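Participant: Kindly produce the complete structure, drawing on both the sequences and the hints.
Just so you know, the protein sequences line up as chains A and B, in that order. Residue numbers for the first sequence follow the numbering used here, so the first one is 2 and each next one is one higher. Residue numbers for the second sequence follow the numbering used here, so the first one is 267 and each next one is one higher.
Just so you know, these hints were derived from the structure itself, not from any lab. Being a predicted model, the structure only gives us computed values, none of them experimental. Treat the hints with care, since some could be wrong.
What the hints assert, rightly or not - In silico PhoX-like pairs for lysine-lysine, Cα to Cα no more than 25 Å straight-line: (1) Lys-344/B <-> Lys-277/B; (2) Lys-43/A <-> Lys-328/B; (3) Lys-43/A <-> Lys-59/A; (4) Lys-43/A <-> Lys-107/A; (5) Lys-277/B <-> Lys-69/A; (6) Lys-69/A <-> Lys-59/A.
Stated by the list, open to error - Label pairs and their computed distance ranges (CB to CB): (7) Arg-351/B <-> Ser-53/A: 37 to 43 Å; (8) Leu-340/B <-> Ser-114/A: 42 to 48 Å; (9) Lys-70/A <-> Gly-325/B: 25 to 31 Å; (10) Thr-78/A <-> Arg-269/B: 46 to 52 Å; (11) Glu-310/B <-> His-40/A: 18 to 24 Å; (12) Gly-325/B <-> Ser-27/A: 38 to 44 Å.
The C-beta atom is built at its ideal place from N, Cα and C for all residues, glycine as well.
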Amino acid sequence: AQSVTQLDSHVSVSEGTPVLLRCNYSSSYSPSLFWYVQHPNKGLQLLLKYTSAATLVKGINGFEAEFKKSETSFHLTKPSAHMSDAAEYFCVVSDASGYSTLTFGKGTMLLVSP
Amino acid sequence: DARVTQTPRDKVTEMGQEVTMRCQPILGHNTVFWYRQTMMQGLELLAYFRNRAPLDDSGMPKDRFSAEMPDATLATLKIQPSEPRDSAVYFCASGLEGASMGYTFGSGTRLTVV
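Facilitator: Below, the structure is given as structure tokens:
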């Protein structure tokens, strides 16, 4: 069984300040972990993925995430927020069993103010 | 960039009518998912195909929903009869077995049942 908990439903930051979106996961097998972003009325775009290689993963648009097995966490960060980062972010887990689906967190809405 | 194509983008229909949504996965991808997104429930898995065979459709109301892959280039999701509670955005995603590369989502079909 696998599950994902996104600890914040909303995060508000000012433009130019750091972003931290928190995610904890549970998985019976070695997990693959993803962050997807969804802009209003748009589809889901893959930001980055962890699949058992380097624990610090760099993605698009300056985002990165660190896999911490001991904490079962996969938090998403960005050093400096941009107005265009305002969107909903989903943490997703898929285990490596070969027959696993994608399990989504409830999402975190990132609000960026000028 | 290769993309997952979903049609139609928007569909408004009357309660009781049949609705068919189509998805063209990325060429070469052997795994296809159908997800439904609503404000209340977030993203829910409806169906999961591997090499065109259904692996998991436990999230789908069996009495009215059906999902098929008549060939490797087409996945369909059908609702008959449709009900207002089916109003949602339906996403298709495709990828390769093992999830190591992540999954690519289509832009979705926004269904409104009146």
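Participant: That 38 to 44 Å hint for Gly-325/B and Ser-27/A (C-beta), does it hold up?
Facilitator: Taking Cβ atoms as reference, Gly-325/B and Ser-27/A lie about 19 Å apart, which means the hint is violated.
Participant: Cβ-Cβ distance between Glu-310/B and His-40/A: within 18 to 24 Å?
Facilitator: Given a distance of about 21 Å, which is inside 18 to 24 Å, the answer is holds.
Participant: Tell me if the straight-line CA distance from Lys-43/A to Lys-107/A falls inside 25 Å.
Facilitator: holds, 17 Å
Participant: Mind checking the alpha carbons of Lys-43/A and Lys-59/A for me, to see if they're no more than 25 Å apart?
Facilitator: holds, 23 Å
Participant: Could you check the hint for me, namely that Lys-70/A and Gly-325/B are 25 to 31 Å apart, CB to CB?
Facilitator: 29 Å Cβ-Cβ, so the 25 to 31 Å window holds.
Participant: Is the distance from the Cβ of Arg-351/B to the Cβ of Ser-53/A consistent with 37 to 43 Å?
Facilitator: With Cβ atoms ~40 Å apart, the hint holds.
Participant: For the pair we were handed, Lys-277/B and Lys-69/A, check the Cα-Cα distance against 25 Å.
Facilitator: Measuring from Cα to Cα gives roughly 43 Å; hence the hint is violated.
Participant: Is the Cα-Cα distance between Lys-69/A and Lys-59/A 25 Å or less?
Facilitator: Satisfied, since the Cα-Cα distance of roughly 15 Å is no more than 25 Å.
Participant: Take the C-beta atom of Leu-340/B and the C-beta atom of Ser-114/A, compute their distance, and say whether it sits inside 42 to 48 Å.
Facilitator: holds, 44 Å
Participant: Quick check on a hinted range of 46 to 52 Å for Thr-78/A and Arg-269/B, using CB atoms only.
Facilitator: The hint (46 to 52 Å, Cβ to Cβ) is violated, given that Thr-78/A and Arg-269/B are roughly 28 Å apart.
Participant: Compare the distance between the alpha carbons of Lys-344/B and Lys-277/B with 25 Å, and conclude whether the hinted pair is satisfied.
Facilitator: holds, 13 Å
Participant: Hint check: Lys-43/A vs Lys-328/B, CA-CA at most 25 Å. Holds or violated?
Facilitator: With a Cα-Cα distance of about 28 Å, the restraint between Lys-43/A and Lys-328/B is violated, given a limit of 25 Å.
In this structure, the earlier hints numbered 2, 5, 10 and 12 are contradicted, and the remaining ones agree with it.
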